[in-house]
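Peer 1: Take the given structure of chain A and dock chain B to it, following the hints.
Just so you know, the protein sequences line up as chains A and B, in that order. Taking this note's numbering, I'd label the letters of the first sequence as residues 1 to 391. Taking this note's numbering, I'd label the letters of the second sequence as residues 1 to 256.
These are calculated hints, taken from the structure and not from any lab test. Each hint should be verified, as a subset may be incorrect.
One side only, chain B facing chain A, incomplete, derived with CB under 7 Å [said to hold, decoys possible]:
hint, residue
1, 76
2, 92
3, 99
4, 121
5, 195
Stretches of chain A that chain B covers, calculated by requiring three or more beta carbons in the stretch to come under 8 Å of a beta carbon on chain B [to be verified]:
hint, segment
6, 35–47
7, 104–118
8, 175–184
9, 246–256
10, 297–303
11, 376–382
Some chain B residues flagged as far from chain A (calculated, every beta-carbon gap over 10 Å) [as the list claims (entries may be wrong)]:
hint, residue
12, 29
13, 38
14, 60
15, 62
16, 63
17, 81
18, 87
19, 163
20, 183
21, 187
22, 203
23, 208
24, 231
25, 235
Glycine residues also receive a C-beta, built at the ideal position from the N, C-alpha and C atoms.
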Amino acid sequence: MSRVPPPVPMTAYASLSALGAGRSHVLQALELGVSKLAEASGSVPFPTWLGRIDDDLVGFGELLGAHDSRLARMVACLLAELDAPVAKALSRWGPARVGIFLGTSTAGISSTEAAWRAIKADGVRPESYDFKRQHAYGAIIEVARAITGVTGPGHVVSTACTSGAKVFASAQRLIAAGVIDAAIVGGIDTLCDVTLRGFHALGALSVKPCRPFSRERDGISIGEGGALALLERSGEARVRLLAVGETSDAHHVSAPHPEGAGAAMAMAAALALGGVDPRAIGHVNAHGTGTVLNDHAESRAIFDVLGPEVPVVSTKGYTGHTLGAAGALECILAAMALEEGWVPASLGAGPIDPDCHVNVQLSRSTSAARYALSNSLAFGGNNTSILLEMP
Amino acid sequence: MTTTFQVLGVGLWTRHHEGVARWPEGNDIATPKARLIPALLRRRLSVLSAAMVDAIADAVEEPTRLGELPTVFGSAYGETAVLVDILNQITSPGGNVSPVAFASSVHNTASGNVSIATGNRGFTTSLGAGHDTVAAALFEAFGLMLAGTRDECLIVVGDQEEPEALVPADECAPLLAAAIHVGKRAHPARPALATISMPIQTPVVTPVNCAPFVNNPCVGALSVIDAIVGRRSGPVALDGGRGLGYAATIACESYR
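This is chain A alone, in the form it adopts within the complex:
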């Protein structure tokens, strides 16, 4: 019989996105229903809206040496916000007993794009460019280790839009197995030409701010951002990580299962592993990208597992779709909602698609519920659902 990994306290978290850094900025935007998406500038040759972080984070770059990249600066910025709790965890558990697991879909591609342009123009690789320390997927683990002093196991997960969610499960399992006692987990992604032009080529970009679950939705708005959480074997939990359901659609490389079968299995798995009745779920932070296919399939899955009444919100109308960071960022936004006792509005959702038979929130609502699910669904048919509990 399967043994469930026990719940893990999330003792601290940090986020960075178009909503800004710092909990107060994020909460203000969510509470007031303010989107931070902005129309892309002229350097993007097609109409789209983006969730951009308007900060070069130059100060962090000075610390990074050969590892300097926008992605690494974002990691450094997030770790700065977690400096005190991470230091306390290292002191409590020892550096070798703390792991580091991060998710990203783009890794350092934005640095590589710039280098490639320079090579094509001048025929010479820029001296400041370092493929292994800026582009490679594991580079941000090296950055995090150097900044924090963590020496326990670590890796980057890159499963597209579930990257930042799956790391929560990796850490929970290794804590349960006794390999580590704590872990820094999260996801980070930057804007880059590859994803902008790639999603444009797929016809997946909205020409206006994305409107998940709306009858009038026409695609995604890409954002950049990140979030980190500190998970510890024991400690004062802001929220608890109960379980992560992880499944595959086995259907198509870039389109979801039309009936949301894999997503439904992921949510059901999270509930079963966490021992929570579906009726106890206070809200679902849906993947809710704003594409016709995703929102329809996911609403079908939510309906099948949870029924038509559970409040559903997509927060991508606030931040954009942060791709590899989304699983972590939206888990943190779900955690904030649990802590605050309200569920934010799903921006742009009205009029709701009548084929989405779930309770999409058009306005902010109070909630005393203790449990929330946060879904992420990815290219390759990879699905995750994170189950959180308010202590």
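Peer 2: Chain B in isolation, oriented as in the chain A frame:
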């Protein structure tokens, strides 16, 4: 805490080694066949993904098992050849990107294609950790089994030649894809090849046979295979001396 698992199968693909049976002697230059994948999906696979599929086929004798095996894919650099194609598209007049290429550029391309081809609706992941990628994949697999939810796991790792324009020539490495099938117990009809321990940090020299691949971040998997083929028990370097010094201990029972 259990720290040792059974090695149920190993698989290998390099441009000179089509399968573990060719190690270490080698064969003429080859291209991966990826016959596990249906033709329609197969023609879109990169060389790296196809090599990983061939390593899987080499490691798992019964392909039908792939529909239920949790799988951990690992690669330090991912689909670099596809990325180069996209970079060339972006920097060409018009800057239009092929949607097929974009969908195939994600790090979990092999993971997604294998799950589609085998109908596996369970766990799969795709990770990277530089020269500690093999150690990281083992930790992830062991976590899946130690947390009680899985009895077996298939680890598939690989990296291909880095883009010439982006990496100094002396840092480049030949393509290598390897698979290690691990489990809590051997199958009744077939003895395990060896046992493998949880990675720990301890200095171990990479075996001479693996030296041509030492720059490849996944050389540690080749070192494990080399130990099993050579029936050498003892600690095996998982990082080619270029990572944090993780090693796993192999205890060889028999080799078929």
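Peer 1: Indicate, hint by hint, whether the structure satisfies it.
Peer 2: Okay, the hints, checked on the actual structure:
1. 76: At 6 Å from the nearest chain A Cβ, residue 76(B) passes the 7 Å test, so the hint holds.
2. 92: violated (9 Å)
3. 99: holds (4 Å)
4. 121: Holds: closest Cβ of chain A sits about 5 Å from residue 121(B), inside 7 Å.
5. 195: violated (17 Å)
6. 35–47: violated (count 1)
7. 104–118: holds (count 8)
8. 175–184: holds (count 4)
9. 246–256: Held - the segment 246–256 of chain A has 9 residues with a Cβ nearer than 8 Å to chain B, which meets the minimum of three.
10. 297–303: violated (count 0)
11. 376–382: With 5 residues close enough to chain B, the hint holds.
12. 29: At about 25 Å from chain A, residue 29(B) clears the 10 Å cut-off, so the statement holds.
13. 38: The assertion about residue 38(B) holds, with a minimum of 13 Å to chain A.
14. 60: holds (17 Å)
15. 62: holds (18 Å)
16. 63: holds (15 Å)
17. 81: holds (13 Å)
18. 87: violated (5 Å)
19. 163: The assertion about residue 163(B) is violated, with a minimum of 8 Å to chain A.
20. 183: holds (16 Å)
21. 187: Since the minimum Cβ distance to chain A is about 20 Å, residue 187(B) lies beyond 10 Å and the statement holds.
22. 203: holds (15 Å)
23. 208: holds (25 Å)
24. 231: holds (29 Å)
25. 235: Residue 235(B) clear of chain A: closest Cβ-Cβ about 17 Å, beyond 10 Å.
Hint compliance for this structure: hints 2, 5, 6, 10, 18 and 19 are not met, and every other hint is.
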